[in-house]
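Q: If you want the building blocks of each chain, they are given just below.
There are 2 protein chains.
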Amino acid sequence: MKRVTLEEVARVAGVSRATASRVVNGASSVDESLRHAVQKAISSTGYLPNIAARSLVTRRADAIGLLLPDERRMDGDPHLASVVSGVTRVVRPLGIHLVLMMTGPGTREQAMSDLRCGRLDGVILVHTDPADPVPGQLIAAGLPVVLAGRPLRPMPITYVDVNQTAGAALAGRRLKSLQCNRIATITGPQDTPAGQDRLAGFLAEVPDAVVVHGDFTRQSGVAAMERLIGCCPDVDGVFIASDLMANGAIPVLHRSGRKVPDDVAIVGFDDSSAALTSEPELTTVRQPISDMAAEMARQLLRQIGEPRTPVTSVVFEPSLVVRDSG
Amino acid sequence: MKRVTLEEVARVAGVSRATASRVVNGASSVDESLRHAVQKAISSTGYLPNIAARSLVTRRADAIGLLLPDERRMDGDPHLASVVSGVTRVVRPLGIHLVLMMTGPGTREQAMSDLRCGRLDGVILVHTDPADPVPGQLIAAGLPVVLAGRPLRPMPITYVDVNQTAGAALAGRRLKSLQCNRIATITGPQDTPAGQDRLAGFLAEVPDAVVVHGDFTRQSGVAAMERLIGCCPDVDGVFIASDLMANGAIPVLHRSGRKVPDDVAIVGFDDSSAALTSEPELTTVRQPISDMAAEMARQLLRQIGEPRTPVTSVVFEPSLVVRDSG
DNA sequence: GATGGGCGTGAGAGCGCTCTCCCAATCCTG
DNA sequence: CAGGATTGGGAGAGCGCTCTCACGCCCATC
Numbered sequence: 001m002k003r004v005t006l007e008e009v010a011r012v013a014g015v016s017r018a019t020a021s022r023v024v025n026g027a028s029s030v031d032e033s034l035r036h037a038v039q040k041a042i043s044s045t046g047y048l049p050n051i052a053a054r055s056l057v058t059r060r061a062d063a064i065g066l067l068l069p070d071e072r073r074m075d076g077d078p079h080l081a082s083v084v085s086g087v088t089r090v091v092r093p094l095g096i097h098l099v100l101m102m103t104g105p106g107t108r109e110q111a112m113s114d115l116r117c118g119r120l121d122g123v124i125l126v127h128t129d130p131a132d133p134v135p136g137q138l139i140a141a142g143l144p145v146v147l148a149g150r151p152l153r154p155m156p157i158t159y160v161d162v163n164q165t166a167g168a169a170l171a172g173r174r175l176k177s178l179q180c181n182r183i184a185t186i187t188g189p190q191d192t193p194a195g196q197d198r199l200a201g202f203l204a205e206v207p208d209a210v211v212v213h214g215d216f217t218r219q220s221g222v223a224a225m226e227r228l229i230g231c232c233p234d235v236d237g238v239f240i241a242s243d244l245m246a247n248g249a250i251p252v253l254h255r256s257g258r259k260v261p262d263d264v265a266i267v268g269f270d271d272s273s274a275a276l277t278s279e280p281e282l283t284t285v286r287q288p289i290s291d292m293a294a295e296m297a298r299q300l301l302r303q304i305g306e307p308r309t310p311v312t313s314v315v316f317e318p319s320l321v322v323r324d325s326g
Numbered sequence: 001m002k003r004v005t006l007e008e009v010a011r012v013a014g015v016s017r018a019t020a021s022r023v024v025n026g027a028s029s030v031d032e033s034l035r036h037a038v039q040k041a042i043s044s045t046g047y048l049p050n051i052a053a054r055s056l057v058t059r060r061a062d063a064i065g066l067l068l069p070d071e072r073r074m075d076g077d078p079h080l081a082s083v084v085s086g087v088t089r090v091v092r093p094l095g096i097h098l099v100l101m102m103t104g105p106g107t108r109e110q111a112m113s114d115l116r117c118g119r120l121d122g123v124i125l126v127h128t129d130p131a132d133p134v135p136g137q138l139i140a141a142g143l144p145v146v147l148a149g150r151p152l153r154p155m156p157i158t159y160v161d162v163n164q165t166a167g168a169a170l171a172g173r174r175l176k177s178l179q180c181n182r183i184a185t186i187t188g189p190q191d192t193p194a195g196q197d198r199l200a201g202f203l204a205e206v207p208d209a210v211v212v213h214g215d216f217t218r219q220s221g222v223a224a225m226e227r228l229i230g231c232c233p234d235v236d237g238v239f240i241a242s243d244l245m246a247n248g249a250i251p252v253l254h255r256s257g258r259k260v261p262d263d264v265a266i267v268g269f270d271d272s273s274a275a276l277t278s279e280p281e282l283t284t285v286r287q288p289i290s291d292m293a294a295e296m297a298r299q300l301l302r303q304i305g306e307p308r309t310p311v312t313s314v315v316f317e318p319s320l321v322v323r324d325s326g
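If you read the sequences in order, they're chains A and B. Using the working numbering, read the first sequence as starting at 1 and increasing by one per residue. Using the working numbering, read the second sequence as starting at 1 and increasing by one per residue.
In short, the hints are calculated from the structure, not lab data. There's no promise every hint is true.
Copies of the same chain look alike in the list, so a pair counts if it works inside one copy or between any two.
[Unchecked claim] List of simulated lysine to any residue pairs, SDA-like, C-alpha gap at most 20 angstroms:
1. K259 - P280
2. K176 - F316
3. K40 - P288
4. K40 - S113
5. K40 - C117
6. K40 - H213
7. K259 - S16
Please take these sequences and the hints and turn them into a complete structure.
A: As C-alpha cells, this is what we get:
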C-alpha cells in the first residue's frame, strides 16, 4: 500500500531515475535491455506515475473542462449524455480528464482561475449566453477554448456547429414533398443563432410559411401550437424548431381533433429523446451531437498542443430522420 | 501573462514564503498587519496557487470521479443532469473538481489507477453492474467510494438510495384509492435491486396484482403492455416500474382503444422527464435525485476526510407526484 | 531580575517528476 | 588509426508548494 516512486523503479531496475522516466514516457533511444528491465520493475512494483508531480513540471493538467448551463436549462436537454460521450471518446485514450462544471454562482470565474492556474488545459463552452463575457476574456487571454455552436456576435473563436440553415431547409422540403398546402413553423428564440438560422433556413425553402414564435421549451411548444391553430386552423404541415416543443405541441393537435400526420404533418429538430417519446414518433432533423462533441474535443486538444493556432470552425451537415409524424 | 508564485507574493509583501502560504490557506496565527500585506500582494500580483504543486505535497487531488454507465444505458436516463447538479452543489464551494468518466473499454481500470496514483480522491459509482469487480477492489484497497443505489449483494460499502419498496407501495395505494379492480404491474429487471424492490413493495400492497416483466427500457414497456392487455384485457390500473416504460406503454393502450386514465390508470416511477413528455402526463413516484446526489458527494467527502470511517447507507423517502395518468 | 511558556515567523527540507546538460561509449569517415 | 559525429545514460537542478522545526520575542510567574 506504500507509494512507489520512479526512484524506486529505477533502483529495482538498476538504472537512473532519468532512464526510468524515459521508459515511462516512451522516449526514444533507450537500450532494449534496459527498457525491458525498467518495464519489469514497473510491473513488479506496481508503479503509477504521480500526476501532480508530472503536472508541476510539464505545466499541463491533462484535464479539460466542460462548462454547461445550469440544471434547469439542461433539463430536458437530451444532449448531455451524447456530448459527454463524444468528448470522452477522444479524450480518454489520451489519459485526459473531463471536468464537468455546471453554471452557477461563480462557476465561470472559477473556470477562468482553473485555466489560469494550470488546473485545466482548456474548456468547451456549451450554451453560452451571448452576453457572457467569459468567451471574450478567454480568447483575450489566449486560453484554449472551443464553443458549442456559433457565437451570436462574430468573434475570433473556434466553434463547432451543425448547419442549422440546411437542416431547416431539409424540414421545409420534407413538408413540401408531403403536399402540404398550409405550412407553418414554430421557431426557437430569435436571440440565439440556432433560433435565427432555423427560421431563416426554413423561410428560404417555404417563403410563405406562417411563423409562430417559441423558445425551444416544451411549454412554449404548447402555447405556440394553441396560437397557431387559433390563427390558422387549416394548417396541415408544421416545422417545429425543437423536438421538445414538438412534444408539447402534438397533444394540442390531438386535443383539437387533428390527427398527426394525417391532418397535420410535423417535422421536429434535434433528434433528441423527445422525438422517440412523442406519439407518434417524430420525423426530425438530426444533428450528430456525439461526433460534434468529439470534434470539439479534437479542436481543443489541437489548440492546447499548439497555442496561437488560427481559429477554425467546423460545421456538420444535418440529416432528416423520417419517422411517423411527417 | 507570467506566472506569479508564492515566492513572488512573499517578496512583494515583505514576508517569508511560509507566512504567505499561511495566509493563503487561512491558517491561524498570522499577525493582522502581515495578513493584510500579504492579501494586498496577492490581489496586486493576481496570484493563483498552483494546484499541482500543492497537490504534490498534500497528496490530495481535490477531484472526485463520477463513474457512469455508457451512453446507451445512460440514454433516456433523465437523471444525469440532476446527479451532476447535485454533486456539483456540494463539491464546487470546496474547489473540488468533478471528473466524469463514462464506462467504456478500460474505464474502470483507469479510474482505479487515477485513484491509486492520487489523481482522484474518491469516486461515485452509478448503475454498477452487479458482476463488476471494481467496487470490491475499491473497498479492499480502502479507497473512498460511494454507490448510487444499494448493491445487489450486501457488501461493506457506503451507498445512497431511495426507499424503492416504499415508493412502490405508494403507487399501489394510489391505484387502490382510485378504485381499480384489476391491477397489474410492469416490473423492472429482476436482477437489479431496484427492479426487485419495486416489485416486492408493490406486491406487499397489492398481493393479487398481475405481474408482467420489463427491463426499464421504453421498448420493453411497449412489449410488456402488449402482453398485458393480451392476457388480461380487463386491467384498469397499472404500476409501471419506470417512467420510460410507461411512456412506451401508454400509446399501446391508446391504440387498443383504452383511455388513460379513464379506462386504465397508470402510475410510473422516477419522475423523469419522460413523465412530462407522456400524454397524459404521468402520475409517478418521485425520487429526490439531486438531493441524493448531493448526499453521495457528502458521504464521499467524509470518507476522504477521515479514511477507515464506518460505512453508512442513507435512504431517502420517495413521494407520489399526482398528475393526469392515474 | 531570572526563568518558563506561548506565539508568531523564517529557514529549509522535501513532495515525485521532467529535462537539460554533460560525459562516456560507439560508430563512421578519411 | 585518428578524429569527429552520433548516441545512450547519469547527475542534478529545478517545478511551486506545504510543513516541520527552531528561533526570537513578549509576557506572566516566582
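Q: When no copy is specified for K40 and H213, does a C-alpha distance of 20 angstroms or less occur within a copy, between copies, both, or neither?
A: For K40 and H213, neither the intra-copy (66 angstroms) nor the inter-copy (52 angstroms) Cα distance is at most 20 angstroms.
Q: When no copy is named, should K259 and S16 be tagged within, between, both, or neither for a Cα gap of at most 20 angstroms?
A: Neither: 77 angstroms inside a copy, 78 angstroms across copies.
Q: What label fits K259 with P280 when the C-alpha limit is 20 angstroms: within, between, both, or neither?
A: both (10 angstroms within a copy, 16 angstroms between copies)
Q: First find the shortest C-alpha distance between K40 and C117 inside one copy, then the shortest across copies, and answer within, between, both or neither for a cut-off of 20 angstroms.
A: between (36 angstroms within a copy, 19 angstroms between copies)
Q: How would you label the pair K40, S113 (within, between, both, or neither) given a Cα cut-off of 20 angstroms?
A: For K40 and S113, only the inter-copy Cα distance (18 angstroms) is at most 20 angstroms; the intra-copy one is 41 angstroms.
Q: At most 20 angstroms between alpha carbons: which applies to K176 and F316, within, between, both or neither?
A: neither (24 angstroms within a copy, 53 angstroms between copies)
Q: Evaluate K40 and P288 at a C-alpha cut-off of 20 angstroms and name the case that applies: within, between, both or neither.
A: Classified as neither: same-chain Cα gap 44 angstroms, cross-chain 50 angstroms, threshold 20 angstroms.
The structure is inconsistent with the numbered hints 2, 3, 6 and 7, although it conforms to all the rest.
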